[in-house]
Amino acid sequence: MQNIKSIKQAIAFTIFRILAGLIVGILLTIFLFIFLRGIGMISWEFLTTVPREGMLKGGIVTAIVGTFLLVFYSALIAFPVGILSGIYMNEYLKDGKIKRFITMITNNLAGIPSVVFGLFGLSIFVNTLGWGVSVISGAFTLAIMILPIVIRTTEESLKQVEYNFRLASYAMGATKWQTIWKIVLPTAMPNIITGLILSVGRVAGETAPIIFTAVAYFLPTIDFAIDKPVMALPYHLYVLSTSGINLQASRNVAFGTALVLVSLIFILNLLANFLRKRLKVSSTK
Amino acid sequence: MKIKYLSEKIIEGLIYGSGWITTVVVVIIVVFLFREGSGLFNKKPLEEGYGIVINAENKVRQITAQEIRQIFEKDITNWKELGGADEKIVVFSLSNIDKYFSEKDLGESYSLLSEKIKEFVQQNKGVIAVFPEKYLDESLAHLEIAPISFWSFISGKDWYPTATPSPQLGVLAIILGTLWVSFGAMLFALPIGISVAIYMAEIAEKRVRELLKPFIELLAGIPSVVFGFFGLVYIVPLLQNLFNLPVGETALAGSILLGIMALPTIITLSEDAIRSVPRELKEASFALGANHWQSIARVIVPYAKSGVISACILGIGRAIGETMAVLMVTGNAAVIPTSFLEPVRTITATIASELGEAQQGGMHYEALFLLGSILFIITFFINWIAELVTKKK
Chain A
1 MQNIKSIKQA IAFTIFRILA GLIVGILLTI FLFIFLRGIG MISWEFLTTV
51 PREGMLKGGI VTAIVGTFLL VFYSALIAFP VGILSGIYMN EYLKDGKIKR
101 FITMITNNLA GIPSVVFGLF GLSIFVNTLG WGVSVISGAF TLAIMILPIV
151 IRTTEESLKQ VEYNFRLASY AMGATKWQTI WKIVLPTAMP NIITGLILSV
201 GRVAGETAPI IFTAVAYFLP TIDFAIDKPV MALPYHLYVL STSGINLQAS
251 RNVAFGTALV LVSLIFILNL LANFLRKRLK VSSTK
Chain B
286 MKIKYLSEKI IEGLIYGSGW ITTVVVVIIV VFLFREGSGL FNKKPLEEGY
336 GIVINAENKV RQITAQEIRQ IFEKDITNWK ELGGADEKIV VFSLSNIDKY
386 FSEKDLGESY SLLSEKIKEF VQQNKGVIAV FPEKYLDESL AHLEIAPISF
436 WSFISGKDWY PTATPSPQLG VLAIILGTLW VSFGAMLFAL PIGISVAIYM
486 AEIAEKRVRE LLKPFIELLA GIPSVVFGFF GLVYIVPLLQ NLFNLPVGET
536 ALAGSILLGI MALPTIITLS EDAIRSVPRE LKEASFALGA NHWQSIARVI
586 VPYAKSGVIS ACILGIGRAI GETMAVLMVT GNAAVIPTSF LEPVRTITAT
636 IASELGEAQQ GGMHYEALFL LGSILFIITF FINWIAELVT KKK
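Residue numbers (this note's numbering), protein chains in the order written: chain A, 1 to 285; chain B, 286 to 678.
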């Protein structure tokens with residue numbers, strides 16, 4: 001009996017170990033394939049010049065700049081609102097029906113598929129408000145998409161700040177806002193920043209919300225205007241891999257683009273992980 | 286001091302306002318999606334500016350979009366089938382007008398067309414004439430097309446949004462395609478995801494877990510379009526060779542990618558649920574002589590059931606809403622799925638690939654918004670159920 005028990009356990013645990021290994025294997029496979037075929041494309045020219053000859057030659061700098069613009073403006077919109085909203089949820093709102101309701105709505109917003117945000121952005125920003133297909137339309141669409149992530153991150157980080165910190169601050173005669181601004185926020189900042197970095201990664205990689213709101217198939221020049229369409233890394237990768245006339249020739253450029261995009265996400269992830277470990281101040285629980 | 290007080294009030298006002306931002310946003314999303322989508326039901330499914338006329342003696346007065354298509358495809362050839370008299374249907378439109386009239390008959394730049402149509406319709410009992418409204422004399426008997434109903438939209442099998450003269454807007458195949466691909470993904474993502482979650486929460490040493498955790502976060506962070514690219518370059522050709530298929534873009538390719546993409550959601554949330562099982566339960570189980578595996582299978586996982594189930598539901602939601610990867614590898618054929626080795630088309634892929642060509646405010650455009658609304662409702666329900674399951678505990 002004892003024996004069967006341990007045999008069963010050994011079998012189950014072995015299967016679990018293999019499956020966990022499988023996940024690592026999948027990730028490494030994806031990364032290695034992209035890395036090995038993409039690395040040959042990476043050069044200073046690839047990163048700093050505009051696409052030429054039907055996007056088969058030259059670089060991808062317009063797509064890099066476009067992604068940067070989308071990330072920058074959507075962060076500019078989503079971060080302040082999201083952080084304030086998170087502060088409201090954790091510092092001002094007491095537990096109860098309202099809080100549960102807002103939490104539920106925020107969760108639902110987080111669960112909406114990205115393509116639905118694209119539809120919404122097209123309807124409201126591009127058509128109704130008349131902003132056209134532009135950086136600003138795309139940035140607002142992406143900002144709404146990451147809003148729940150920013151709110152949750154802020155809320156969770158604030159929750160971890162010791163309650164005694166607040167009491168001590170009040171005891172010194174500080175007002176509620178002074179306490180939040182001078183004591184609570186600085187303490188929670190490392191965690192908040194970690195979350196924000198991850199949401200930036202999400203923005204950089206999304207395609208569906210920007211197809212109809214922000215991107216153009218091909219643009220020959222670098223342009224920082226916010227009322228014009230841009231190229232973006234993920235959309236560029238999509239275009240290169242599906243609608244090229246010469247698929248074989250565009251494949252190499254696609255691998256290069258994929259490597260740049262994946263590296264960007266990886267670097268952001270590593271940075272977030274590094275900060276989480278490094279900045280874990282003793283003042284948080 | 287006073288200014289400081291004032292600015293503090295302003296900031297707090299901003300905070301209160303921001304607190305409700307998500308609620309406001311969700312309301313606006315709902316309003317805009319449904320407003321654009323619901324326009325479809327007020328429109329006749331006929332090409333813009335066109336009209337249909339029939340002989341005055343014909344008793345049939347209204348037909349559906351699908352029947353028009355069947356008439357043009359010669360699936361319906363007699364008015365009897367539509368509840369009219371036993372009369373053969375004669376299709377008369379711009380595409381076959383040269384069969385009946387020469388260019389000379391019609392005069393310079395179709396100046397005589399209107400007259401000829403009138404003549405032809407009055408002489409032919411079985412005629413169905415589809416022409417731009419401006420060529421149709423008002424005295425002729427018009428055939429009405431039934432507006433699209435929600436039911437015919439949901440249950441219609443044909444998706445030919447740009448068909449002439451009558452666009453076919455049935456999304457059954459697309460909805461089933463979405464569910465089919467997600468179902469396939471869950472077949473392997475659920476067992477693998479839950480197993481890995483158990484491994485990470487219960488079995489793995491701390492060192493291994495801390496190594497695995499960033500891997501899973503990275504997997505979650507890889508953009509959907511990169512998965513799609515990977516699938517297109519490696520999985521699609523692999524499946525094509527493996528199963529000897531005419532095309533490798535199949536439901537299976539989509540399911541594999543979606544499964545991989547849903548894994549991080551399932552693993553992270555299940556792990557949290559399993560980890561939050563009270564220590565005492567595990568200790569009690571050990572004290573009764575159960576070994577680790579027995580404790581996991583009979584005590585720990587059953588206790589964490591609601592959390593694990595809700596993780597799985599959210600994983601399904603993730604799969605249903607995923608766009609770029611499925612768009613790139615599933616082949617996008619709008620047919621009702623019967624096997625995993627055939628192309629399918631999902632809601633998300635349909636929207637992403639067709640919205641660009643659809644004219645704003647047109648039927649196709651509205652139909653895509655309606656599809657988006659359906660997707661929104663599906664994911665809303667999934668989130669709601671996941672929340673209910675968690676709360677039940």
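In case anyone wonders, no lab produced these hints; they're calculated from the structure.
Do not rely on the hints blindly, as some may be mistaken.
What the hints assert, rightly or not - Within a straight-line C-alpha distance of at most 27 Å, the following computed BS3-like cross-link-like pairs (lysine-lysine) qualify:
1. Lys676/B / Lys159/A
2. Lys410/B / Lys159/A
3. Lys159/A / Lys498/B
4. Lys676/B / Lys99/A
5. Lys97/A / Lys294/B
6. Lys567/B / Lys277/A
7. Lys676/B / Lys97/A
8. Lys8/A / Lys676/B
9. Lys97/A / Lys365/B
10. Lys567/B / Lys99/A
11. Lys491/B / Lys8/A
12. Lys8/A / Lys365/B
13. Lys344/B / Lys5/A
14. Lys590/B / Lys99/A
15. Lys590/B / Lys5/A
16. Lys410/B / Lys384/B
17. Lys294/B / Lys328/B
18. Lys410/B / Lys344/B
19. Lys159/A / Lys5/A
20. Lys94/A / Lys567/B
21. Lys5/A / Lys99/A
Said to hold, decoys possible - Which residues of chain B face chain A? A few of them, derived with a C-beta cut under 8 Å, are:
22. Tyr301
23. His427
24. Ser509
25. His577
26. Ile662
As the list claims (entries may be wrong) - Which chain A residues stay away from chain B? Per the calculated CB distances, all over 10 Å, these:
27. Thr48
28. Leu56
29. Ala75
30. Val81
31. Leu147
32. Asn246
The beta carbon of each residue, even a glycine, is placed where N, CA and C say it ideally should be.
> Between Lys410/B and Lys159/A, is the straight-line Cα distance small enough, at 27 Å or below?
Replying inline: Cα-Cα ~79 Å, so violated.
> Is it true that the CA of Lys590/B sits at most 27 Å from the CA of Lys99/A?
Replying inline: holds, 26 Å
> Is Lys567/B within 27 Å of Lys99/A, Cα to Cα?
Replying inline: Not satisfied, since the Cα-Cα distance of roughly 34 Å exceeds 27 Å.
>> Would the hint linking Lys676/B and Lys159/A be met if the CA-CA limit is 27 Å?
In response: Status holds; Cα separation ~21 Å.
>> Quick check for students: does the CB of Asn246/A sit more than 10 Å from each CB in chain B?
In response: holds, 15 Å
> Does the alpha-carbon distance linking Lys344/B and Lys5/A stay inside the 27 Å limit?
Replying inline: violated, 79 Å
>> Can you verify the interface hint for Ser509/B: is its Cβ closer than 8 Å to any Cβ in chain A?
In response: Cβ of Ser509/B sits 7 Å from chain A, so the hint holds.
>> Holds or violated: Lys97/A and Lys294/B, Cα atoms, limit 27 Å.
In response: holds, 25 Å
> Are Lys491/B and Lys8/A close enough, with their CA atoms no more than 27 Å apart?
Replying inline: Measuring from Cα to Cα gives roughly 23 Å; hence the hint holds.
> Given the hinted pair Lys676/B and Lys99/A, is their alpha-carbon gap at most 27 Å?
Replying inline: Since the Cα atoms of Lys676/B and Lys99/A sit roughly 15 Å apart, the hinted pair holds (cutoff 27 Å).
> Is the hinted pair Lys8/A and Lys676/B satisfied, with a Cα-Cα distance of at most 27 Å?
Replying inline: Distance of about 33 Å is beyond 27 Å: violated.
> Hint check: is the beta carbon of His577/B less than 8 Å from a beta carbon of chain A?
Replying inline: With Cβ-Cβ at 6 Å, under 8 Å, it holds.
Consistency with the previously given hints fails for numbers 2, 6, 8, 9, 10, 12, 13, 17, 19, 20, 21, 23, 26, 30, 31, ordered from lowest to highest.
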